[in-house]
Amino acid sequence: MTLPAYTPYTETCIQQAVQEYGTHPDLIRAVMAQEAGEVGQVRFNKDGSFDMGPMQVNSVHLPELARFGITKEMLTNNECLNIVIGTYYLQLAIMKSGDFWVGVGNYHSRTPDKNVGYQVRVWNHLLQIRGGRE
Numbered sequence: 015m016t017l018p019a020y021t022p023y024t025e026t027c028i029q030q031a032v033q034e035y036g037t038h039p040d041l042i043r044a045v046m047a048q049e050a051g052e053v054g055q056v057r058f059n060k061d062g063s064f065d066m067g068p069m070q071v072n073s074v075h076l077p078e079l080a081r082f083g084i085t086k087e088m089l090t091n092n093e094c095l096n097i098v099i100g101t102y103y104l105q106l107a108i109m110k111s112g113d114f115w116v117g118v119g120n121y122h123s124r125t126p127d128k129n130v131g132y133q134v135r136v137w138n139h140l141l142q143i144r145g146g147r148e
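Under my numbering, the first residue of the sequence shown carries the number 15, and numbering increases by one thereafter.
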């Protein structure tokens, strides 16, 4: 598996998310690598929802985000906004779960087998980012 090369702009956006939510930048990079989303990209899911942009923020959050003036178009096309909002939901999932790795998995799914599979894939990306070091 090859990790994406992030632009200086993307790295600035990651650092902004770190400052906002205290999430480790390598965890954000690992989730982004797993999600493999791109600016301008929308992926449709079997359940009728869709995922947007680099962190593949799910459309289930759009009603809440609309209260802050954040739209589908903004999440899809604004890289920094997508990374910051994705990091918010990642950090929220971790804090709500009471278990770090379950929370990471909850960013993707609360279904146990999908959750654990996601945890493993993010962990593998994290190991690669850190050059095999834990």
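In short, the hints are calculated from the structure, not lab data. You may find that some hints are simply not true.
Computed list of lysine-lysine pairs in PhoX-like fashion (alpha-carbon distance at most 20 Å, straight line) [said to hold, decoys possible]:
1. Lys128 with Lys110
2. Lys60 with Lys110
3. Lys60 with Lys86
Quick rundown of the hints versus the structure:
{"no.": "1", "hint": "Lys128 with Lys110", "result": "holds (18 Å)"}
{"no.": "2", "hint": "Lys60 with Lys110", "result": "violated (26 Å)"}
{"no.": "3", "hint": "Lys60 with Lys86", "result": "holds (19 Å)"}
Figure legend: structure checked against the earlier numbered hints; the only hint not met is number 2.
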